[in-house]
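Based on the hints, put chain Z with the ligand in the right spot on chain A.
Chain order of the listed sequences is A and Z.
Going letter by letter, the first sequence gives residues 482 to 619 in my numbering.
Going letter by letter, the second sequence gives residues 12 to 664 in my numbering.
Honestly, the hints are just simulated from the structure, not real lab data.
Predicted model, so just to flag it, every value in this text is computed and none were measured.
We put the CB at the ideal spot given by N, CA and C, even for glycine.
Just to be clear, a hint being listed does not mean it is correct.
[Claimed, not checked] Residues of chain A placed beyond 10 angstroms of chain Z at every Cβ, according to the derived structure: (1) Gly-505; (2) Lys-510; (3) Glu-529; (4) Ser-573; (5) Arg-580; (6) Lys-583; (7) Leu-584; (8) Lys-607; (9) Pro-611; (10) Gly-614.
[Said to hold, decoys possible] Covered by chain Z, per the in silico footprint, the following chain A stretches (three or more residues, Cβ under 8 angstroms): (11) 530–536; (12) 549–556.
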Amino acid sequence: MSFEPRIVGFLCNWCSYAGADLAGVSRLKCAPNVHIIRTMCSGAVEPEFVVKALQHGADGVLILGCHIGDCHYQYGNHRAKKRVAILRRLLSYLGIDPRRVKLEWVCASCADDFVDVVNKLTADIKELGPLHGGGKDR
Amino acid sequence: MEEVKIGVYVCHCGTNIAGTVDVEEVAKFAATLPNVIVSRHYGYMCSDPGQDLIKNDIKELGINRVVVASCSPRLHEKTFQGVLRGAALNPYLFQMANIREHCSWLHEPGPELTEKAKRMVRAAVNRVSHHEPLEIRAVPIFPASLVVGGGIAGMQAALEIANANQIVYLVEREPSIGGHMAQFDKTFPTLDCAACILTPRMTEVAHHPFIRILTYSEVVEISGYVGNFRVKIRRKPRYVDEEKCIGCGICQEKCPWKALSEFDVGMRKRKAIYTPFPQAVPNIPVIDTEHCAYFLKRTCRACEKFCDAKAINFEQKELIFELDVGNIIIATGFDTFDASKITQYGYARYPNVFTSLEFERLCSPSGPTEGHIILADGRQPDSVAIIHCVGSRDKNYHEYCSRVCCMHALKHAQLLKEKTNADVYQMYIDMRCFGKGYEEFYERIQKENINFIRGKVAKVTDQAVSEEEKGKLIVLVEDTLLGRMLRVPVDMVILCVALEPRKDAGEVARLFHLGRSADGFFLERHPKLDPVATMSEGIFIVGCCQGPKDIPDTVAQASAAAARALAMIVRGKMEVPAITAFIDETKCSGCKICNRLCPYSAIFFDDSTKVSRINQVLCQGCGACAAACPSGAITHNYFTADEIMAEIEGVLA
Ligand code: FES
Numbered sequence: 482m483s484f485e486p487r488i489v490g491f492l493c494n495w496c497s498y499a500g501a502d503l504a505g506v507s508r509l510k511c512a513p514n515v516h517i518i519r520t521m522c523s524g525a526v527e528p529e530f531v532v533k534a535l536q537h538g539a540d541g542v543l544i545l546g547c548h549i550g551d552c553h554y555q556y557g558n559h560r561a562k563k564r565v566a567i568l569r570r571l572l573s574y575l576g577i578d579p580r581r582v583k584l585e586w587v588c589a590s591c592a593d594d595f596v597d598v599v600n601k602l603t604a605d606i607k608e609l610g611p612l613h614g615g616g617k618d619r
Numbered sequence: 012m013e014e015v016k017i018g019v020y021v022c023h024c025g026t027n028i029a030g031t032v033d034v035e036e037v038a039k040f041a042a043t044l045p046n047v048i049v050s051r052h053y054g055y056m057c058s059d060p061g062q063d064l065i066k067n068d069i070k071e072l073g074i075n076r077v078v079v080a081s082c083s084p085r086l087h088e089k090t091f092q093g094v095l096r097g098a099a100l101n102p103y104l105f106q107m108a109n110i111r112e113h114c115s116w117l118h119e120p121g122p123e124l125t126e127k128a129k130r131m132v133r134a135a136v137n138r139v140s141h142h143e144p145l146e147i148r149a150v151p152i153f154p155a156s157l158v159v160g161g162g163i164a165g166m167q168a169a170l171e172i173a174n175a176n177q178i179v180y181l182v183e184r185e186p187s188i189g190g191h192m193a194q195f196d197k198t199f200p201t202l203d204c205a206a207c208i209l210t211p212r213m214t215e216v217a218h219h220p221f222i223r224i225l226t227y228s229e230v231v232e233i234s235g236y237v238g239n240f241r242v243k244i245r246r247k248p249r250y251v252d253e254e255k256c257i258g259c260g261i262c263q264e265k266c267p268w269k270a271l272s273e274f275d276v277g278m279r280k281r282k283a284i285y286t287p288f289p290q291a292v293p294n295i296p297v298i299d300t301e302h303c304a305y306f307l308k309r310t311c312r313a314c315e316k317f318c319d320a321k322a323i324n325f326e327q328k329e330l331i332f333e334l335d336v337g338n339i340i341i342a343t344g345f346d347t348f349d350a351s352k353i354t355q356y357g358y359a360r361y362p363n364v365f366t367s368l369e370f371e372r373l374c375s376p377s378g379p380t381e382g383h384i385i386l387a388d389g390r391q392p393d394s395v396a397i398i399h400c401v402g403s404r405d406k407n408y409h410e411y412c413s414r415v416c417c418m419h420a421l422k423h424a425q426l427l428k429e430k431t432n433a434d435v436y437q438m439y440i441d442m443r444c445f446g447k448g449y450e451e452f453y454e455r456i457q458k459e460n461i462n463f464i465r466g467k468v469a470k471v472t473d474q475a476v477s478e479e480e481k482g483k484l485i486v487l488v489e490d491t492l493l494g495r496m497l498r499v500p501v502d503m504v505i506l507c508v509a510l511e512p513r514k515d516a517g518e519v520a521r522l523f524h525l526g527r528s529a530d531g532f533f534l535e536r537h538p539k540l541d542p543v544a545t546m547s548e549g550i551f552i553v554g555c556c557q558g559p560k561d562i563p564d565t566v567a568q569a570s571a572a573a574a575r576a577l578a579m580i581v582r583g584k585m586e587v588p589a590i591t592a593f594i595d596e597t598k599c600s601g602c603k604i605c606n607r608l609c610p611y612s613a614i615f616f617d618d619s620t621k622v623s624r625i626n627q628v629l630c631q632g633c634g635a636c637a638a639a640c641p642s643g644a645i646t647h648n649y650f651t652a653d654e655i656m657a658e659i660e661g662v663l664a
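So that you can see chain Z by itself, here it is in the shape it has in the complex:
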């Protein structure tokens, strides 16, 4: 074996480390450790000159192991491994000591910090002596991509990729793509109609030769890894033959059975056979088996009788099939907060208390009232209160700001003024109009004779205490600018409900191996520098599943994720991490304990030799098998028992 020659590099990170750790002393100490040929300290090791120090020492001094004592390996391990590679040294002959996040930043300043940093460096030096070069393999990738969720985020991502002539599967669990944006009436701050900008997009997606839309479908299983995912899709039966249906709509006309429309948030009825909205893509209805008389009592079949295309098929079964994709973009969107949880606001108790989403439908010309803003009894409201931050910025529900409510509240006010000329009250905590053109919009709306009351609403009630309040909803709010309680009688209340993670976000996170932040939204790889990637390589998150955001931000994120996916598609192959496990066949006793343990079914028993083997492509390198093997036959690369033991000794010596 060649002689081990270690180079140690201690980073100042400006004053981040050097401010509290005596880096010079740490470097001096490192020089005394076994096998250390050179030990240096430098201002910023990650900078070009810092990296050059390592490169030169590899070339000039022939060092063959590198230790960098700086920040977290989660931040810069890849950077430095790249340096080794650039100098023709195997990147796994490297170890980092995290003396910033886990030392200089984490403890009160004092002499102990330098001592701790020394121990960390000694552990790294001890460990790296045991490192072996690992083979880096490049495997071809599947060029197709999967987009999960057909709202504006998913559509945008799909279009960007497809426009580069790459195949995209767009999976949507509802019968139509379109998402929440299809439910909106107008968009802020330009007040252009949502449908007018969305439906052309939907058609573009529908007719794109490189996009395959899979509606009424869900991902049920995923295996493999970046570049080589295999995804199992379940396509629910529509009971309508997609090949035959011409979308004439006669079935919906003739169907006598009704249910509440999900698209119109329960504000009107749809048929048991239905498309969610007239511009649905694809324009093919589905049968809701919970309300269809045929499925309930085996009668009716009216749709079948009237369908000239003979497209109704009550026997249709769900379809399970698999797709091979290289990248996955998650765009599963958000749910709106259930306003009935805040009982004092009277939602679901008073018919004239609406959520912001219901109000969108009320304003929409294609909505239940054809765009007429009316109360439950059909009258036009003379006065309306818009309550901000319902479920947001509230310790009892969601601490975060939902980011879009201030703006859509202003938009609602504008529409109310235009359509009804009602008195409008905005009851807000703070106005947050941060986007391009938003502050200007706010300025404009303020001139529209709208009442802004700064304060959190305590209660909405119908208990009148004066003649003027009779028959009204009374909003009790403290005006914090005037410092007094107000009772504001109105005809209608709009609750600006929070955007929250989908109810099944936990399951989706588990399915795709995603992390979630404290607020429940999916966790990005880095909050600033990598906002669309996730800890799962090759899986990206865009739109509101990552956190509440408006349409422009959503679209920008979707395009960003598409660019990331395309970058890999263009390369055509990818390197698989060498951190896998392998079995020493001479030590394996054939007990099969590891076979059952592996979460990826990567370990199989070879009957001819009676030992277990690990499929290096399927192995994800978790190390569970190595920890469990009673014969010590399994080595977990880059985390071998020898390496960890050496690190333990180093830390404690």
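Pulled out of the complex, with its shape left as it was, chain A reads as follows:
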């Protein structure tokens, strides 16, 4: 059987979650590998959440927020950007390929972007292989 990655997606309530809703409403189709967890803002995603997901069997993590300048809480997404940058460096120290953690901006009307991001990440992680055993990380 081919490898089907499991990806946890943290989507901010105001833009990205709404964008994903719109993708559904518009009946766009994307890979089913991303499991969406709603957060209030991309800036509310604790690095621990990402680590927890990777520990518990996720092969990748997707964090989506509003475009810079559009965060419902002004600059939560700036924070997310800084945090994810540090986190990715940390992960690569630990031997986890940083491409497994992705941060993108998807607006409330960006249904197409949402689908593209999900498909792209799913394909990328398929390429990387499973995180737990047999992946190409090291």
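Just chain Z with the ligand now, kept in the frame of chain A:
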């Protein structure tokens, strides 16, 4: 702690979910999860009988946590929370699994869908076990409302609210209210004169005891939240004392300095001290410091000399003040598309190419030509081309339809026929006459001997190739019905320019926390069911700032928003969402990292106890502080670390 008893409800949503997800299996699976006491599936959970299932189980089976697997929480979270409340259960003991938008609608059908839905339900069940009741607080609201923008939309909204004896502040950045409608000559399809219907409205607004007009003013800052906004207003100096000025107009008469009139879209001059148009409200002039000789070279002062009321005050300063309001209605209108961007249409190059707004001024008896439709050289045109969709329905500029152009193009044709009897050519892509009485108007105009050419204009040029074309503007257009290129020589060209978002729509959106749709207009909460509300509670959008629309639609929207604002004013208080953050003082190390982080300055450092605290009224619940706290001392209600971790485990188990 009381024992956790969870009820799970899987919705079919007709076939929307049940068509591709085996809902029965999902419900069976849910029944096997820890703490789940009851698990059901039903056709439409949001319907009355669906809601009753939950209510009864709360009463009969004593469940104290609820999971509904159906659509997006953005759609029905409130609905179901209401059900819990109705059954005397705290509404936050609830979680939704979005198995429609994020599952059955989003992926190709297949067995994987049922598996995914199961995982989503398991995550929700895991999560909800950690939910705690949250306190719902009701706070009193400020009864006053703020309307931003004094065009027809803003005026209408202000009047509706004020007529219920509630105070409205109407802020307008120009020196007068009136907006674009004041610039129009006639309105379609009735052809009644815009000024005749608008100016009485303006006077009504001006004299209304419950409306306070703040012209030449702008909102610069807003804080607080629905029901309790604090708005900072900057009032620009007019250099004319509003209390003293009697509006006699002598200053404008005597002022020797001139500038292009914004109201007449640059088609004539106004003085350096001016009111934008004679019926301006308030009828108090302003001094344009960029053209006034006193401000440029400290000379002149003619206005001051002639003003009997001693109202001129060159020392006037801008005024910053704050207002407390409960609701905000945004009615900031539109800009017209800059036709010079489409260089091949020759706007700004050929003097006889006009925009539709310029043509309105040309037709208006109070306009630069006193209503005479004339060319740049003063002659009457013998032939006129009206080009539709300039900047609209065009992938290079705006994809959307501006909705009013077909109709005002017909109106222009009618006026041209009446006033000049010129040959009129309509060059259109499709005729869209959708409103009440519009199709009938179109029928009527078609009988007026007007030429309709279906096709997109390629070019407007003055390069004549025949004797007949000499001295004319030649419109090159493909007649798609005849399938051939035409060269139409005319004296005048009118470009029906698109309506587009205001240049500063981005800043306004940021100021008021509004979303924008792909076309740049402000985003409504729901395109069908909530077209005037926004994602920011207590802030409404009306008129063309939400999207291009005609006057009747604008007025209807304005009244709708006023009704929404009044509903809250009548209630007198409102519930604040319990999704805030709080600090466990025993864990806080006093590092103050969160203090600087909070976009709402809701976190302060308590010097006596050396720990940080969060003001629960100011906190908007973004969760940034909780994510940043190195001591893990901050809990983000309804999105606690425990809850999210449980959800992660559920998804991956
Ligand atoms: S709310 Fe979307 S990123 Fe902050």
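Checked hints:
| no. | hint | in the structure |
| --- | --- | --- |
| 1 | Gly-505 | violated, 3 angstroms |
| 2 | Lys-510 | violated, 5 angstroms |
| 3 | Glu-529 | violated, 7 angstroms |
| 4 | Ser-573 | holds, 21 angstroms |
| 5 | Arg-580 | holds, 20 angstroms |
| 6 | Lys-583 | holds, 17 angstroms |
| 7 | Leu-584 | holds, 14 angstroms |
| 8 | Lys-607 | holds, 15 angstroms |
| 9 | Pro-611 | holds, 13 angstroms |
| 10 | Gly-614 | holds, 15 angstroms |
| 11 | 530–536 | holds (count 3) |
| 12 | 549–556 | holds (count 6) |
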